[in-house]
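Heads up: the protein sequence lines correspond to chains X and H, in order. Counted from 1, the first sequence has number 52 at position 42 by this note's numbering; the numbering is strictly sequential. Counted from 1, the second sequence has number 1620 at position 173 by this note's numbering; the numbering is strictly sequential.
Note that these hints are calculated values from the structure, not bench results. Careful, some of the hints might be misleading.
Label-pair ranges, simulated between beta-carbon atoms [what the hints assert, rightly or not]: (1) X:Ala-25 - H:Ala-1668: 43 to 51 Å; (2) H:Ala-1452 - X:Cys-266: 52 to 60 Å; (3) H:Asn-1522 - X:Ala-277: 20 to 28 Å; (4) X:Leu-221 - H:Gly-1479: 55 to 63 Å; (5) H:Tyr-1564 - X:Ala-260: 58 to 66 Å; (6) H:Phe-1518 - X:Ala-25: 30 to 38 Å; (7) H:Lys-1658 - X:Val-236: 36 to 44 Å; (8) H:Lys-1504 - X:Ala-277: 14 to 22 Å; (9) X:Phe-145 - H:Ser-1559: 37 to 45 Å; (10) X:Leu-221 - H:Tyr-1564: 36 to 44 Å; (11) H:Gln-1632 - X:Val-134: 36 to 44 Å; (12) X:Ala-260 - H:Ser-1462: 46 to 54 Å.
Positions of the beta carbon are idealized from the N, C-alpha and C atoms, including for glycine.
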Amino acid sequence: MLWKNTYNEFIKILAKPRSYIGLAALTLLILIILFAMKADGRMYISFVTASFEQTLSFNGNILNGNLIAFIILQMLIVHIPLLVALVTGDLLSGEAAMGTLRMLLTKPISRSQVVFSKLIAAAVYTFILVIWMGFLALVVGRWVFGTGDLIVLNSDGLVILNYEDILWRYGLAFLVAYLALMTIATLSIAFSAFADNSIGPIVSTMAVIILFTIIGTLDVSVFDHVKPWLFTTHMASWRSFFSDPVPWSAIWDSICILLAHNILFVAVAVFKFKRKDITS
Amino acid sequence: MEQQAIIEVKGLQKSFGSFEAVKNVSFTVNKGDVFGFLGPNGAGKSTTMRCMLSLIKPNAGDIRIFGKNLFEERNAILAKVGSIVEKPDFYKYLSALKNLEIFARVSGAQVSQKEIYETLDFVGLLGREKDKVGGFSHGMRQRLGIAQTLLHQPELIILDEPTTGLDPQGIIEVRDLILRLKNEQNKTVILSSHQLAEIELVANRMVIINKGQTIIEGSVAELMNAQETLLHIELVQNSQGAAALIQEILPQVKVQVSSPKTLELSIEKKHISNLNNKLVQAGFEIVALEPKRKLEDFFIQMTQA
Chain X
11 MLWKNTYNEF
21 IKILAKPRSY
31 IGLAALTLLI
41 LIILFAMKAD
51 GRMYISFVTA
61 SFEQTLSFNG
71 NILNGNLIAF
81 IILQMLIVHI
91 PLLVALVTGD
101 LLSGEAAMGT
111 LRMLLTKPIS
121 RSQVVFSKLI
131 AAAVYTFILV
141 IWMGFLALVV
151 GRWVFGTGDL
161 IVLNSDGLVI
171 LNYEDILWRY
181 GLAFLVAYLA
191 LMTIATLSIA
201 FSAFADNSIG
211 PIVSTMAVII
221 LFTIIGTLDV
231 SVFDHVKPWL
241 FTTHMASWRS
251 FFSDPVPWSA
261 IWDSICILLA
271 HNILFVAVAV
281 FKFKRKDITS
Chain H
1448 MEQQAIIEVK
1458 GLQKSFGSFE
1468 AVKNVSFTVN
1478 KGDVFGFLGP
1488 NGAGKSTTMR
1498 CMLSLIKPNA
1508 GDIRIFGKNL
1518 FEERNAILAK
1528 VGSIVEKPDF
1538 YKYLSALKNL
1548 EIFARVSGAQ
1558 VSQKEIYETL
1568 DFVGLLGREK
1578 DKVGGFSHGM
1588 RQRLGIAQTL
1598 LHQPELIILD
1608 EPTTGLDPQG
1618 IIEVRDLILR
1628 LKNEQNKTVI
1638 LSSHQLAEIE
1648 LVANRMVIIN
1658 KGQTIIEGSV
1668 AELMNAQETL
1678 LHIELVQNSQ
1688 GAAALIQEIL
1698 PQVKVQVSSP
1708 KTLELSIEKK
1718 HISNLNNKLV
1728 QAGFEIVALE
1738 PKRKLEDFFI
1748 QMTQA
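Only chain X is shown next, with the shape it has when bound in the complex (with noise of 0.2 Å):
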């Protein structure tokens, strides 16, 4: 019955409107961005790369597809977040405010089946939009700008990294990246679990990844023991896999944090699901 549903959902999924307005609107984006940088890309890193001019002397195509992708994906991880939501908060509340939840649980269907299900249509619905993600970043990039040598800017400084060891870092780095976003998911999957209307879910999905992530930034020691257990603070950790050496104790200790999320947000799913009374 399980997967009864969930090829149910994917059907619901395409052929809700609301569904493509994610992947139009990251796909504009993308598009957006890769002009803008064909147009004005030369100033841009000119900018950047002018504080390390008078010590480094740089040659060769260091706007890159690499670069690119990588300006591309840092930009776009802080807006995808509502794009999942848009479509993960309405799973369970949309059908109780559609009345079709109330026809679908009179079905021969355990409660735990409908939020397994509707959490895997929308895990795929999410790794499409990174690999979609990925697809127009990566390889739309280097079609447009060609490959090179990647140059990042962190904390520590500037890392530049050969164009042979690139791949496998954007390939991992997409892969926490999906899981940070399925942490948003599987909140908004929580929330829809306890609302009968759509809207509510994404804008309390939002609302908690914004108060979390002023809670990150702000410097105040008070919040200190807090700041590691946020969720939005590990949502960013793909970066590292573009530091040299990866930091792999940090991105593990991140993987668990963002897993550990996961499943208490769809535990709380399940837990709330099972005891409602369905009056919708």
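Since the structure of chain X is already known, use the hints to place chain H on it.
Chain H only, in chain X's frame:
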């Protein structure tokens, strides 16, 4: 021969916060019944039906369907039940066919494409299966809702106010469908309504609930006919004289004179014709003689309370 109980509800209770939606509801539905679940708006019908489909968990009481405890063997029971609660809601952005395919997939039975088309034909929606449900009228959605209940050939069909919001033609169509379910497919049907006339037309047994409690349960025919009839008589004049004559003919009957021209009495149906003849022979001019069944009157009083 003893009837086989399909549904047994005993001492059902459900509260939402401090509001007691269902206080004490009990009834039994037998195999092959078209069972009417009657009560005014807010009586607790929908809450009871939602409890029977495990949409709502009751605070107390027992629900057994097909002899099994609903909350212990939920999936096995629901595989043999088709239902519409309140109104059938569908995925408006999908076609009627896609909607039925979705519900068939989780119905617990293998439903073929042929069976889906046959069900669409049964409810009169064949030819509209590719249309999106968003464009359907309320009546069409109601019929699609009934189609959805029938896909997996359930033994028991639960319909909550299936004629609400329908125009007269739609009401007749749904009523005919319910009768066909009983007569052609020998289904057990339980349907709720706040209209006694609707239940009387299709049901063979019924329960009346009000304010979350069972008031009366039994065969529709018995409940409707075994009761005495409340007879309202309007004369041109002299209702006092007519009352005295009735008292002479039927001394056990209590007559109430409500105005100089009208009177009311409770009487068995078989005496009405004889009483009419005697009043006419005695020279009383009768303007109207209006029998009202006591159950109907009782129900109206209850719904107005």
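Cross-check of the supplied hints:
1. X:Ala-25 - H:Ala-1668: 43 to 51 Å: holds (49 Å)
2. H:Ala-1452 - X:Cys-266: 52 to 60 Å: holds (55 Å)
3. H:Asn-1522 - X:Ala-277: 20 to 28 Å: For Ala-277 of chain X against Asn-1522 of chain H, whose Cβ atoms are near 22 Å apart, the range 20 to 28 Å holds.
4. X:Leu-221 - H:Gly-1479: 55 to 63 Å: At roughly 59 Å between Cβ atoms, Gly-1479 of chain H and Leu-221 of chain X fall inside 55 to 63 Å, so the hint holds.
5. H:Tyr-1564 - X:Ala-260: 58 to 66 Å: At roughly 59 Å between Cβ atoms, Ala-260 of chain X and Tyr-1564 of chain H fall inside 58 to 66 Å, so the hint holds.
6. H:Phe-1518 - X:Ala-25: 30 to 38 Å: Distance hint for Phe-1518 of chain H, Ala-25 of chain X holds at roughly 34 Å.
7. H:Lys-1658 - X:Val-236: 36 to 44 Å: The hint (36 to 44 Å, Cβ to Cβ) is violated, given that Lys-1658 of chain H and Val-236 of chain X are roughly 51 Å apart.
8. H:Lys-1504 - X:Ala-277: 14 to 22 Å: Roughly 20 Å apart at Cβ, these two residues keep to the hinted range, so it holds.
9. X:Phe-145 - H:Ser-1559: 37 to 45 Å: holds (39 Å)
10. X:Leu-221 - H:Tyr-1564: 36 to 44 Å: For Leu-221 of chain X and Tyr-1564 of chain H the Cβ distance comes to about 53 Å; the hint is violated.
11. H:Gln-1632 - X:Val-134: 36 to 44 Å: holds (40 Å)
12. X:Ala-260 - H:Ser-1462: 46 to 54 Å: holds (52 Å)
Of the numbered hints listed earlier, those contradicted by the structure are 7 and 10.
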